[in-house]
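Q: First to last, the protein sequences are chains L and Y.
Take the first sequence: its position 101, counted from the start at 1, is 101 in this note's numbering, and no numbers get skipped.
Take the second sequence: its position 28, counted from the start at 1, is 28 in this note's numbering, and no numbers get skipped.
Treat the hints as calculated values from the structure; they're not laboratory data.
None of these values were measured; they are calculated from a predicted model.
A virtual CB, placed ideally from N, CA and C, is assigned to each residue, including glycine.
Some hints could be false.
To be verified - Under 7 Å between C-beta atoms, here's a sample of chain L residues computed to sit facing chain Y:
hint, residue
1, V30
2, A36
3, Y112
To be verified - Counterexamples of contact, computed for chain L against chain Y with all Cβ distances above 12 Å:
hint, residue
4, P38
5, S101
6, H167
7, E169
8, I188
Number of protein chains: 2
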Amino acid sequence: MSDEQLCIDYSRLESVYGPLAESIRRLIDVSIRTEADPTTVAAVRDKIDRATAELEVSARPGPLGVQRTPDGRTVALGNAVIGVRNPVAPPLVVNNDPDGSVWSEFVLGAPYEGPAQHVHGGVSALILDHVLGAAASRARTPTYTGTLTLRYRRRTALGRRLRAEAHVERIEGVKTFAVGHLADDEGITVEAEGVFIQPRQVNSA
Amino acid sequence: MSDEQLCIDYSRLESVYGPLAESIRRLIDVSIRTEADPTTVAAVRDKIDRATAELEVSARPGPLGVQRTPDGRTVALGNAVIGVRNPVAPPLVVNNDPDGSVWSEFVLGAPYEGPAQHVHGGVSALILDHVLGAAASRARTPTYTGTLTLRYRRRTALGRRLRAEAHVERIEGVKTFAVGHLADDEGITVEAEGVFIQPRQVNSA
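With the rest of the complex left out, here is chain L:
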């Protein structure tokens, strides 16, 4: 398969399976909020189980994994935060600014609830881990998370426009220090610091 074909295939994967994930995201959201009676729920479950069976005929055994395109882009269609094929992912679109920082704007609904009507503190951690990691990866790759520290200033509401952003503060030896935060229209709700480590074999190469 040529490089060009590989690129075309990824774009095809997104166009076929992306809308499927979107449909399932809507189903997830409504399934949490519905007050449908048991008979309706049983009929709906039957539809869903038949849909699952149809997709399962041609399902690969394990997780989707991460691929690299010929131009060096990472493709993580199944990723828990950005995966367009993963209905559990919001999914975030992470944007790169010319100054090296990264940011993403999004709204979180019912599936991400912790305290009533608010984003689960761990979901904020999930998103900030990813966004800080994305900033660290722009500075140096590959890296993996060494430590992550989160400071919760106040609760983050569901259903509102949120913004996560991060940038690299400094690099010392194998360590890349990234900082960032989650914010709503009124300011920062959660602050984060992460230390990302470059694997030894890459560093000494």
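Use these hints to put chain Y onto chain L, whose structure you have.
A: Coordinates of chain Y only, in the frame set by chain L:
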């Protein structure tokens, strides 16, 4: 509505909507792994969209929220980590040991992927935030997360039996200090420390 009826209703909610969430979890997992052709995917999307429409007729507008039963138990059916009605939640069952510690055993599949074949570091953070919070809440309630620090020792594999556990180390003023970790059969993969804060109005009451 009497207290007894309230309890019965919650158990009924679980029995009606819990299996619906289970069906959707299977759909999510298979939808990430399927290699079905575009025609099959389109037909499946149609089934899913019709299922969503049936559930939407009687859907409440906002997130599910958190309720308390008459015996003081918290019921969070829509919670992103433990919610039995939330298809995004694994869901974890958090067990209380007599010594005050809490633990949960579970397996994470394709929807929780970060690095290829491994648990997203942020998903580990999500789970540890919840489990440490559960330990802190046993010692004193209500509390909210103040800070959370995660140390990633090594990657955590998908598809393996995992265990998360936590306990309260000490209480100082309004602060409850909890520690815990995520582990597989070979030992700890992620360590966590959390400081949980008791709201001022409760503390001075």
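Q: Evaluate each hint against the coordinates.
A: So, going through the hints one by one against the coordinates:
1. Against a cut-off of 7 Å between C-beta atoms, the interface hint on V30(L) holds, since the closest Cβ of chain Y lies about 5 Å away.
2. The interface hint given for A36(L) holds, since its Cβ lies 5 Å from the closest Cβ of chain Y, which is under the 7 Å cut-off.
3. For Y112(L), the interface hint holds, since its Cβ comes within 7 Å of a Cβ in chain Y; the closest pair sits about 5 Å apart.
4. P38(L), annotated as away from the interface, has a beta carbon of chain Y within 12 Å; the closest lies near 5 Å.
5. With 12 Å as the threshold on Cβ separation, the claim that S101(L) sits away from chain Y holds: the shortest Cβ distance comes to roughly 19 Å.
6. No Cβ of chain Y approaches the Cβ of H167(L) within 12 Å, the least distance being about 18 Å, so the stated non-interface status holds.
7. With 12 Å as the threshold on Cβ separation, the claim that E169(L) sits away from chain Y holds: the shortest Cβ distance comes to roughly 17 Å.
8. Once the 12 Å rule is applied to beta carbons, I188(L) is consistent with being away from chain Y; the minimum gap is 14 Å.
Violated hint for the displayed structure: number 4, the only one.
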